[in-house]
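Protein chains: 2
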Amino acid sequence: MTIVIGIDIGGTNTKYGFFDRNGNCFSSGEINTPCFDTAEDFVSGLSNLLKKETDKIAANHQVIGVGIGAPNGNFYNGSIEFAPNMPWKGVIRLADMFKEKLGLPVLLTNDANAAALGEMVYGAAKGMKDFIVITLGTGLGSGIVVGGKLVYGHDGFAGEIGHVIVFPEGRPCGCGRKGCLETYCSATGLTRTVTEMLENTKMSSSLRDLKTDHLDSKQIFEAAKAGDQLALKAFELTGKILGIALANSVAYTSPEAIFLFGGLANAGEFIFDPVKAYFEMNLLQIYKGKVKILPSGLKESDAALLGAASLIWEE
Amino acid sequence: MTIVIGIDIGGTNTKYGFFDRNGNCFSSGEINTPCFDTAEDFVSGLSNLLKKETDKIAANHQVIGVGIGAPNGNFYNGSIEFAPNMPWKGVIRLADMFKEKLGLPVLLTNDANAAALGEMVYGAAKGMKDFIVITLGTGLGSGIVVGGKLVYGHDGFAGEIGHVIVFPEGRPCGCGRKGCLETYCSATGLTRTVTEMLENTKMSSSLRDLKTDHLDSKQIFEAAKAGDQLALKAFELTGKILGIALANSVAYTSPEAIFLFGGLANAGEFIFDPVKAYFEMNLLQIYKGKVKILPSGLKESDAALLGAASLIWEE
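For the protein sequence lines, the chains are F and G, in the order given.
Quick note: the first sequence uses this note's numbering, first residue 63, plus one each step.
Quick note: the second sequence uses this note's numbering, first residue 63, plus one each step.
Be aware that one or more of the hints could be misleading.
Identical chains share a label here; the pair holds if one copy fits it or two copies do between them.
[To be verified] Simulated crosslink set (DSS-like; lysine-lysine; CA at most 27 Å straight-line):
1. Lys287 with Lys354
2. Lys118 with Lys338
3. Lys77 with Lys361
4. Lys240 with Lys191
5. Lys350 with Lys211
6. Lys273 with Lys352
Since the hints were derived computationally from the structure, they do not count as laboratory data.
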């Protein structure tokens, strides 16, 4: 059977899996990313591991390529460029490095683009030609598909909806500017909203009992489930900002659906309900009632690896 | 020689031209759109004219198709849908109607999409794969090209950047919502800005001598050329809003260039200088210095027809 290796590189862990076209996993594993001093050591170490696994299944299967999802990954040159949370700095041509070690075609893109491809090949976007995937984690990532193809743009960096400025002079963003969408609509953004509400309002909340530096989006989700008014209001505000921003997004590529994926999307109705309401309310008339806001069809644990593998299936 | 007919349908005039692949015009003309009571009469009348012209050149040339640019034109079904400035209401399946009369392939899209195709086939976007054309007329239209293909979206209505909301609770827009980009950045938007400045400030200006209902963007341009401070400030403000909005646009499709086209773009440096400055200032770091803001490479008089003709050349 024909097999593709998917690799999901993160600042903490790097995961890999061997998949067939139907998403069946034949082998998988994980290594600690920062335990390698250099990117060269990392590539060597991981390649050795992958070669051993490949040999094990070689009798029945043929590995045809390697797809990699990585922070700040650039599809065109197969490099990661100035990724803030990675142990190795500058421009690292990972695809070429793996290709040399493994002797296989290697394609690389960023995590959110990989998530969009995964959704198209294995998930809830099967058969769709025009859709957007929004990943709501530490930041807000996005992958935009137009006419069945992922949009890379002229430089490989298309799809940075998290860095659309929604409030000029708004919250400082890690990118150095102010008011980017991801400073409000992400797990981190939600936590910042709650922190501001705890400081600036007198609303009673179970979250006041936590030390602020222990506050995270999971606790806010738990509080919301228990009916905490401040937590509920923070979700409502987050969903409102995201809904309005996504309504604006439709004016670019007019997608059939927008998928919400990752940490914050797991809060279900707490985030989906306000997003859907404010999205529909703010759409241009010609788009109203046409664009679905949907959860991902992939299990979060598999999505990054399946998305990375999809890079090869899609080429 | 192989020839394509380009038609540019407007609420006042409809123009047509016979073009070869190099943009040479073999015949052209114009009819008055609202002098036909029904869309059927309009199609019949124009088709008769086109057939006569076709017969004249038939000895040496072969007409292979008809491309139409029209307000609210939908590429997928070849119709114009609820175009506010057209004499005929509702959904009008113009492409099918012309196809029946002329026995030729007919493709239709909206004016801004046609402008983008024209720029790619005949203008300054030749050889570019990823770019955006912004038309600054009565409203703000846009055509987005990704990977060498015009983006139509799942419903044929992609590329409505003029209706991205830039100021929630801002100026009322013809679309029924508030704060859309085109209420600020268009010939009409500039005029609204000047009207507000005349009302709300004490700035001296030659434009105060005009009756407000006679004010238009050309007079504001003339005043700016003569050094009128209020006119200059209005251009600066318009360019600032547009520059910031276009910086956000880059985060979607990461284009190589953004072309400004039409009425307001003819104001040259008065609009280009502030757009370029605020665009670059507001770009996400990874895009800085990479994206050009350029004037159209087409003469405005030819652009709509060449753009319409390009629909056929591009298929």
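Comparing the hints with the structure gives:
1. Lys287 with Lys354: within (25 Å within a copy, 49 Å between copies)
2. Lys118 with Lys338: neither (48 Å within a copy, 57 Å between copies)
3. Lys77 with Lys361: The answer is within: 15 Å in one copy meets 27 Å, while 55 Å across copies does not.
4. Lys240 with Lys191: Intra 33 Å, inter 31 Å, cutoff 27 Å: neither.
5. Lys350 with Lys211: For Lys350 and Lys211, the Cα distance is within 27 Å both inside one copy (24 Å) and across copies (25 Å).
6. Lys273 with Lys352: neither (44 Å within a copy, 44 Å between copies)
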